[in-house]
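Novice: So the chains spell out like this:
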Amino acid sequence: MIKFVAVHKFFGALAALTDVNAEVRKGEVVVVCGPSGSGKSTLIRTVNRLEEIQSGSVLFEGRDVHGKLGGAALNHLRSRIGFVFQSFNLFPHLSALDNVMLSPMKVNGVKRSDAREMALRLLDRVGLAAKAQNYPGQLSGGQQQRVAIARALAMEPPAMLFDEPTSALDPEMVGEVLSVMRGLARDGMTMMCVTHEMNFARDVADRVWFMDAGRVLETGAPVDFFRSPQHPRAQRFLSDLHTR
Amino acid sequence: MSLLPSMIEIVRDNWLLLLVGQYPNGPLGGIAATLILSILGIALAFPLSVVMALASLSPWLALRWPVMALVYITRGVPLLLIILWVYFVLPLLIGHSVPAFATMLVTLVGYEAAFLSEIVRAGIQALPTGQMDAARALGHSRLGAMRYVILPQALFNMIPSILSQFVSTIKETTLGYIINVPELTFAAGQINNRLLTKPFEVYFILAISYFIVCWTLTQAINMVERRIAAGRTAGPVAVSALPTTAASVSGA
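Residue numbers (the working numbering), protein chains in the order written: chain A, 1 to 244; chain B, 1 to 252.
Hints are computed from structural coordinates only; laboratory data are not their basis.
Among the hints, a few may not be true.
[What the hints assert, rightly or not] If the Cβ cut is set under 7 Å, some of the chain A residues that face chain B in the computed set are:
(1) 10
(2) 50
(3) 54
(4) 75
(5) 78
(6) 79
(7) 83
(8) 87
(9) 89
(10) 93
(11) 103
(12) 106
(13) 107
[As the list claims (entries may be wrong)] Which stretches of chain B does chain A cover? Using the computed rule of at least three CB atoms under 8 Å from a CB of chain A, they are:
(14) 152-159
(15) 181-188
Beta carbons are placed, not taken as given, at the ideal position from N, Cα and C, and that holds for glycine.
The shape of chain B in the complex, shown without the other chains (with noise of 0.2 Å):
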């Protein structure tokens, strides 16, 4: 029997549960549980990732040295170990047990705040130091300095990096398979389970499903990217180190 028929067969009888899992009679899962976990993951973890790289850039040691340690720690053991280590230890620590979604998505926050607040320091270094200095020299505090003059140029300089750590996300989701969050490849694992004979064919559909979609939000930033620049030809101010190599390293 040749590949293709079959796939198309396979993905006739459970494009539904690709899509959105066992909803409305069970948890919602699939490509939307993905979706939904990765845009939360990075939405929660971004204003939390713009505090961690105020603080490792603040003058006290005391708000830097926490930050660094989470960064190194998420820096140095794997993804998945984090995962682990977050559903058996934390419903020790807290007395009861916590559903394995919001586990993932704690763990994806946490993670991605980190990886983030790299990106965000990143961005804010990259800025030209005249911009801080002709800010604090109208009087501006250190945090207003931040707030108008430079976060709103580092963060708009860094819409490229976030977008690929958002992708980068969404490819670290398949991680919660490990603890049964009913995401996209875990709804291919069910698949599997029942057809047992097909795992090539439903494992092809599953890579081609995470392709497209970030194949799609790849092309969207690479868009983004040529209007940013194209936008700022005119101005001095071009970062040309945009601290795009975070997103490469976070594979987990």
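Isolated chain A, as found in the complex (with noise of 0.2 Å):
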């Protein structure tokens, strides 16, 4: 369903992305992770172009996402892949419920009753129908990343990113989100998640990729990446953190 072939990105003379070659297949959880700087935000943010790459095409459903593209494909394209932020980017001058509401009645043209009740329904799924008048300002990290979720449920992707989504909560407030998130993989959805949440990426994975510098190093199911871990520096990446 997301499948890089061949994908090179630098900033500058930095090589940020060489030579990624992997494939996400529908109905997969796919989480990656790797040292910080290791290009794992990076790679997830050129699915939907929000970052550009240089060589290689990302596949979306079939469809190159770097290819030539109009806005209006684009677009489209942008609103059937879900993407969650690090830092929820929700938009403060609107409500929860608002929040949900706005991009499948501006984007999709949805009918404001309809966008309505599915916002409801969605923010009782991630928990939060009480909070659905709140504004982003009144909630906690942990209800705002849940919020962001919903909103990006709202569009009924196919698909749905994760970009470090816990690594701005509260200790006690990563719970919450992630089990919206094992919810969501209960579910079917195909998921890629960029995360530090190691225990997450045991129970729900299907399967890790470990990136480091810029290149996926190495992929497999997580019983097999956990227990023998084939490169040495994904070997020695997860005795850094066992010896935490």
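Please dock the two separately framed chains into a single complex, following the hints provided.
Specialist: What follows is the structure, given as structure tokens:
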């Protein structure tokens, strides 16, 4: 469903992504892990073209996201890829409900009454039906991130991307966000998650990708990856995690 | 003769002229004309400035270039010169004379729009980039993201700056005096010409009049600023660097 083919990206002379070849299949949950600065966030942001690439291609449902696309075609593609940010990026001038309703109405042309009904259902699904009228500034980090997930789901995307969704949260709020993500995985959502939550990777992921210095060095089932990582860099990364 | 009774006497004899000029026997003038010029100037300049700000942030050079040119010209040329230029050249270009009030209004709208567009642009750029990213990731077009996500926040943050630009505009209308726009300074000039011997008193009254109007508005701006700050303390998107400086460089 999401396929990286020989993707290269540079920030000036710095190689941010080098020859990335990998695929997220439909219904699969992929966790991307690796040390900071290894290109995980950059990689996930190329999927909906928040980052440009210099060569290669990123296919979503068979279409090249970085190919020659008109503005409308790119907007449509993006509307079909749910994206959850580390810093939530809720719209602070809108209530939680309006955050979720805005894009279905303005991008997909959904009727207000239908959008409202769907938004309330989604807020209920992430456990925040009671906070529908609250503004982002009145919500905790964990609550904001759950609203952000509901907002992404409101576009009914066939795939969801998570870019370190719990890294900006206080520890006691990580669980509530992860449990929403677990629920999504259980429902069969195709997911690509950049995260440092190794327990989540172990329990929920179908595959783990390990990245370092802009390369995907290893892809495997979590059981294999955590028990017997092949690449020396992955072995070091995991042993660093354990000794911490 | 002491100053205060003399000033009170001038105000008593001329208050109507200072308020509305020669209206209803002549054109509307005085403080009324000053305020109408300022309010119309800002009100017409504002929508124009939003369009100009969007153009100046556009990825297309053809949209950016004319706006930046206009902004640099208005920054680099004194308002008085622009007024004279419009006053003398515009009639030549369009072939018939333009009333002084219209000349002043057109000039003010263009001038204020250039400054406001810089304020609006700064307000847009002061928002976290994540806001645009989030809107684009949800499938909004650039313009859609501006309309529903960026501008509502940016314009709200800019209310104090826009109001202080309004105060600057009130002071700038005095330059209409040079092309005989019958605003407040012009009314004071008429009084002075009639009395001949009391320029200090007359222009002191004029200064106090402007001060009262502008000071009142400045107090109102401070109140609005406090309200906005209070409403935002709970929010995560505090814009600390409000572009208030643009107003101070626009004094003519």
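Novice: Against this structure, judge whether each hint is valid.
Specialist: Here is what the structure says about each hint:
1. 10: This interface hint is violated because 20 Å lies over the 7 Å limit.
2. 50: OK, holds: residue 50 of chain A within 7 Å of chain B, min 6 Å.
3. 54: violated, 19 Å
4. 75: holds, 5 Å
5. 78: OK, holds: residue 78 of chain A within 7 Å of chain B, min 5 Å.
6. 79: Cβ of residue 79 of chain A sits 3 Å from chain B, so the hint holds.
7. 83: Nearest chain B Cβ about 4 Å off; hint holds.
8. 87: holds, 5 Å
9. 89: holds, 4 Å
10. 93: holds, 5 Å
11. 103: The hint holds - residue 103 of chain A has a Cβ within 7 Å of chain B, the shortest such distance being about 4 Å.
12. 106: holds, 6 Å
13. 107: Where the cut-off is 7 Å and the nearest Cβ of chain B is about 4 Å from residue 107 of chain A, the hint holds.
14. 152-159: Holds, because 3 residues of the region 152-159 of chain B bring their Cβ atoms closer than 8 Å to Cβ atoms of chain A.
15. 181-188: It is violated, with 0 qualifying residues against the three required.
The structure shown violates the earlier hints numbered 1, 3 and 15.
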